[in-house]
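Position chain B against the provided structure of chain A, taking the given hints into account.
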Amino acid sequence: MDRQNTAGAMSDTQLAQLLSQVRAGNSDAWGDLYRQYAAAIFRFCRRVLPTREDAEDATTEIFMKVKQKLATYDSSRPFTAWLYKVASNHCWDTLRRRRIRQDLETGDLEKLPLEHPDPGQLERLQLEHTGKEVRTGLAKLPDRARMALVLRYYADMSYDEIADTLGVRRAFVGVLLLRARHQLREALGAGGASAAGAVAGRRT
Amino acid sequence: MSHPDDSLHAHFNNRIDDHFDEMTGLLYLEGQLDAGRARDVSAHVAACGSCRELLSALEKEAIWLHEALTTDEESLPAHLAAKPERGSIGWGWVVAFGLGVGGAYTLWTGFIQPSLTQAAQAGFTQGNVLTMLFFTGAFWKGWDTMRTLPEFMAAATLGMVAIWLLRRHWQRFTTIAFVMGALACVLGLPPSARAAEMERGNPSYTLPAGQEVNNDLIVVAGRARIDGDVDGDLISFSSSLTVNGHVKGDIIAFGQEIIVNGPVDGNVRVWCQSLSLNSTIAKNVMAWNEQIALDEKASVGGSLMTGGATAELDGHIGGDVLALVGDLTINGRLDRDLTVRGDRLTIGSTAQIGGKAKYEGRGQPDIASGAKLASPIQITIPKSGPDYTRVTYYWHQVLLWGANFLFGLVLLLLLPGFFSDAVHQTRRVGPAVGFGALFLFATPIAIIIACITIVGLGIGISALLLYLIALYAAQLFVGSWLGEQLLGYTVGIGPAVARLAIGLALLRVLRMIPFVGPIAGFIIIIWGLGALVLAAYGRMHSQSSSPVAA
Numbered sequence: 139m140d141r142q143n144t145a146g147a148m149s150d151t152q153l154a155q156l157l158s159q160v161r162a163g164n165s166d167a168w169g170d171l172y173r174q175y176a177a178a179i180f181r182f183c184r185r186v187l188p189t190r191e192d193a194e195d196a197t198t199e200i201f202m203k204v205k206q207k208l209a210t211y212d213s214s215r216p217f218t219a220w221l222y223k224v225a226s227n228h229c230w231d232t233l234r235r236r237r238i239r240q241d242l243e244t245g246d247l248e249k250l251p252l253e254h255p256d257p258g259q260l261e262r263l264q265l266e267h268t269g270k271e272v273r274t275g276l277a278k279l280p281d282r283a284r285m286a287l288v289l290r291y292y293a294d295m296s297y298d299e300i301a302d303t304l305g306v307r308r309a310f311v312g313v314l315l316l317r318a319r320h321q322l323r324e325a326l327g328a329g330g331a332s333a334a335g336a337v338a339g340r341r342t
Numbered sequence: 005m006s007h008p009d010d011s012l013h014a015h016f017n018n019r020i021d022d023h024f025d026e027m028t029g030l031l032y033l034e035g036q037l038d039a040g041r042a043r044d045v046s047a048h049v050a051a052c053g054s055c056r057e058l059l060s061a062l063e064k065e066a067i068w069l070h071e072a073l074t075t076d077e078e079s080l081p082a083h084l085a086a087k088p089e090r091g092s093i094g095w096g097w098v099v100a101f102g103l104g105v106g107g108a109y110t111l112w113t114g115f116i117q118p119s120l121t122q123a124a125q126a127g128f129t130q131g132n133v134l135t136m137l138f139f140t141g142a143f144w145k146g147w148d149t150m151r152t153l154p155e156f157m158a159a160a161t162l163g164m165v166a167i168w169l170l171r172r173h174w175q176r177f178t179t180i181a182f183v184m185g186a187l188a189c190v191l192g193l194p195p196s197a198r199a200a201e202m203e204r205g206n207p208s209y210t211l212p213a214g215q216e217v218n219n220d221l222i223v224v225a226g227r228a229r230i231d232g233d234v235d236g237d238l239i240s241f242s243s244s245l246t247v248n249g250h251v252k253g254d255i256i257a258f259g260q261e262i263i264v265n266g267p268v269d270g271n272v273r274v275w276c277q278s279l280s281l282n283s284t285i286a287k288n289v290m291a292w293n294e295q296i297a298l299d300e301k302a303s304v305g306g307s308l309m310t311g312g313a314t315a316e317l318d319g320h321i322g323g324d325v326l327a328l329v330g331d332l333t334i335n336g337r338l339d340r341d342l343t344v345r346g347d348r349l350t351i352g353s354t355a356q357i358g359g360k361a362k363y364e365g366r367g368q369p370d371i372a373s374g375a376k377l378a379s380p381i382q383i384t385i386p387k388s389g390p391d392y393t394r395v396t397y398y399w400h401q402v403l404l405w406g407a408n409f410l411f412g413l414v415l416l417l418l419l420p421g422f423f424s425d426a427v428h429q430t431r432r433v434g435p436a437v438g439f440g441a442l443f444l445f446a447t448p449i450a451i452i453i454a455c456i457t458i459v460g461l462g463i464g465i466s467a468l469l470l471y472l473i474a475l476y477a478a479q480l481f482v483g484s485w486l487g488e489q490l491l492g493y494t495v496g497i498g499p500a501v502a503r504l505a506i507g508l509a510l511l512r513v514l515r516m517i518p519f520v521g522p523i524a525g526f527i528i529i530i531w532g533l534g535a536l537v538l539a540a541y542g543r544m545h546s547q548s549s550s551p552v553a554a
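Chains as they are written, first to last, in the working numbering: chain A, 139 to 342; chain B, 5 to 554.
Please note that the accuracy of each hint is not assured.
[Said to hold, decoys possible] Below, computed lysine-lysine pairings styled on DSBU-like, alpha-carbon distance capped at 30 Å:
1. B/K87 / A/K207
2. B/K64 / A/K223
3. B/K301 / B/K362
4. B/K87 / A/K203
5. A/K270 / B/K87
6. B/K64 / B/K87
7. B/K64 / A/K278
8. B/K376 / B/K360
9. B/K301 / B/K287
10. A/K223 / A/K270
11. B/K87 / A/K205
12. B/K64 / A/K270
13. A/K205 / A/K223
14. B/K301 / B/K360
15. A/K223 / B/K376
By construction, these hints were calculated from the structure, which means they are not laboratory data.
Next comes chain B alone, as it looks inside the complex:
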């Protein structure tokens, strides 16, 4: 047996006169001293009563410990009496599969199928389900069907809680199987991008007048000009896009300036700085931009949804209008409802609104006397900031806390180890905040890049969902950390739940403080997100490098 490191034990070998210390005594009793040193100790013990006494006490302590630890106090639980077999774990997979199928069915009947129907009605011609969900479901027509999503989530949460309660029988493989099943469910809808014509302009691309593309056309260029016709969708990633020709499908465009002069048989969905619509759009328009102008000769057959700084709607819109716009001016004819949220609303004398009009904004709307409104505008001027005098505000905060806590509870019960890791990482404030900031901003960019390539759209949307979940989860780790600072650390699920509850309540109170609250909320998200990233990295690292037992 090798001799213990002398340098390490030097500290403990401080002799007190001729007596040896407790460390030496322990090592002597355990047979860990080298022969020479052991002889010295033996000789000393033979002559020294107090050292003999110490050795005797230490030896008895070892026996006492041994007996205390080996005394039977609990027998093997009955459900552990049977030998573990792989077959028993199969139950976990069976249940996970069943839940997965149930979840997929719920998702399909409650969410995907209605969206598909709506998408088909809207004439959306994209070739894969996720694209349709992305463009027609989540962002436009699917708001109603989104209501079923919380139901699905609630059912899934209940399922997960049930799994946790029954995990004694199914073991943790069930959880893993469930998570894997859910992921497979999300990712298992492969995007089947339809073959499309791809054009790259360097720096510009022009589809000449008189030419027709009988397919979807994807254009990537500095400047793009479409004078010819497109019998399919036009998808553009160009700084400037001018469409003079006839587009028989949809226009989906990302760019700085987009001008549509030619007729469009489908929808227009754009993300840009400025958008000018000067023609007839048969279906819907969805535009996120700084400014949008609908010419007086222009017409939109369906609905218009826009978000941005300024909008001027001088043309005709057949469907509803939803505008989240700072400054909105309406001089045209709106056949159906108008819903506006913004700073200013101006309705000119030539304007006509056929349906109900709702406006929520800081300033009173300016309505010209000649304007024809089917009914008076319903105006709401919200108070800026939270209304601390209302009970509902505090009730709302309690509900938010409850939602946070429930989510945290599920996460804590399902992944106690990971949860604990993430809470631990919040102590590394610098790296956590740094990585949090990086991932907060870098992830959306990566997701956008993934979504731009049609094939990557499924991955992009899945990543977006995970990103949103991560953002929501971020506060849980900071909350638990805060709870730990207050309550101290005690092993077990009960104390962990208490720490989570207290910590989240404090964070909620902190976020209610005027001015400080929003800043604190932002920091909490960055901090918690970073901790989550570090914990995930640590987990992957430890799994790849942890020593294998024996």
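Same shape as in the complex, but just chain A:
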């Protein structure tokens, strides 16, 4: 997976040039950079935050932060990774402040048993639901679960980056993602895409 929907056709050299111009205070360069990434960041915010208005606000605020913090960006790292880090920190901070009560605590989550999935049902689920339905299902998830899925499958963040953003142990990221997938399956009406007989079936 690539860092999604961002750099488009811009090469690394072009990007480096653009960034140095932005740092030098070139307003046009800043406009170019914004146009290059704004749509992707807006969609990212749209996936993560509850309303369109929140996503619009967040997009502008994130880019203002980007402009302020650009001096701290380490050019040896991919720019999009850094950009998504800023965006995800901003969105997570916004959500965290709202303290959505549906979020389960880490301890609770670790103890929750996961039902074994039925691969057949899982594949049927994928066939039966459109992208839009998935996004609708995603919106019903608790913040952290939604955030984890978006960070991983939209922003293509590594486990380390996700752990850092969400403030959890790295080893917990896998658990979080798996749990989020189960919750999404449930939200899409598949009851976790699990089947009582799935395990027994695999034994035979």
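Coordinates of chain B only, in the frame set by chain A:
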């Protein structure tokens, strides 16, 4: 890449015969297993059809998720097409400044200026605007001008709602700017305390007869005795104060027992246990005390306003009398209107009342036959407690609910994050109630202390306003919490508004229940106030310690 914590994953590594579980499958696909474990899984997958099937399903799910999330469904809104610049935020500040100036102008023309005029007419000689507002505006002469305050508040509320509606263009800085502007407006009137003579008595202070202080005199002592003259205001914080000399300004006093035997050219404003006025007071008297006695030889040129347990007015009062007194006895001459609210009213045979007299109280007034009244007393004996049989009572409750809801709506739209935090904190019932009780009682004490020092008066009054707003806001958080218990939680402003409306309606109904209602109201205020305090603390704490992005 480091290996995930074994202890954490032990739970998920439960093998089912030789098969691996879903967690292991996911970590394998995502390249999160260590090399040895990955080899085991690979070997197993090569030989096991059902595990291959599981891996395939999980892999497809990842791709499916990726595609679903990255599919374009909405383009960038048009108003976000332009790059954000600091300059665009300047509009917010410009608007906030404009609103601030408009609000300040309204406040000045509608509230401060009339109060200043009245204060000047009343001869109030305090050197700063806020002091005058405090003493002459809010507590006495300013009742009429206070009517303009709701108008100002309504205009400000409309302004805030407009800002919220337009925030797409101005961003949240506008709100911040507006709030900061409003605060600056409140605090921007610096108290300019006039130099005054300060005297500390240990334990007592006496200004000897024949001596004159040509300035304001501030006395802090156990017992204070003023036999000499004061050409200025006398401000006293003494357990006992006796004034035998001539005070050419006002007397402002806090204490246990205050006796005024000497003439006062200005006003007398006191908070004490007992007050005896035995001389001529040229202007007004405002007294909050347990008992007040106006001697038959005493005279008050202006109005008298008093609140307390007992009052005996045997002297002459030139202006209106407003008494919120349990037991009031009148034997003297009142030239103008009398308004009484209390338990008992006795009008003696020597009493004369020149204006209209209104009395609202539990018992019938006792009026001696010799008393001279310009017109019959208008008597109202209110029923104790709310009258549940009257429609107006329920209409009044609906209005109260509407006011609560409107205020909550503005707060919710302006500060959604903070509102949500405060509602969240109501779940911590113990700490919320504890902190609520602490702040409910400690804040007024702190405010009084701030007000005692003249320099701190501005801060004290600002804090008082914030305190009153906080008390009023307290029920919103408990209401929202209650709504959440009933409706459940759904993300978004719409559901939050619904929770607020339902919760407040239920609280209103709860408060209408006889006996239980007032107790519930008190608990709600403490609980909500505590939640607000905890949320504010949490917000400050998180702002000071939150990690900075990248």
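Verification of the hints:
{"no.": "1", "hint": "B/K87 / A/K207", "result": "16 Å, holds"}
{"no.": "2", "hint": "B/K64 / A/K223", "result": "26 Å, holds"}
{"no.": "3", "hint": "B/K301 / B/K362", "result": "25 Å, holds"}
{"no.": "4", "hint": "B/K87 / A/K203", "result": "13 Å, holds"}
{"no.": "5", "hint": "A/K270 / B/K87", "result": "29 Å, holds"}
{"no.": "6", "hint": "B/K64 / B/K87", "result": "38 Å, violated"}
{"no.": "7", "hint": "B/K64 / A/K278", "result": "22 Å, holds"}
{"no.": "8", "hint": "B/K376 / B/K360", "result": "12 Å, holds"}
{"no.": "9", "hint": "B/K301 / B/K287", "result": "16 Å, holds"}
{"no.": "10", "hint": "A/K223 / A/K270", "result": "25 Å, holds"}
{"no.": "11", "hint": "B/K87 / A/K205", "result": "11 Å, holds"}
{"no.": "12", "hint": "B/K64 / A/K270", "result": "17 Å, holds"}
{"no.": "13", "hint": "A/K205 / A/K223", "result": "14 Å, holds"}
{"no.": "14", "hint": "B/K301 / B/K360", "result": "24 Å, holds"}
{"no.": "15", "hint": "A/K223 / B/K376", "result": "84 Å, violated"}
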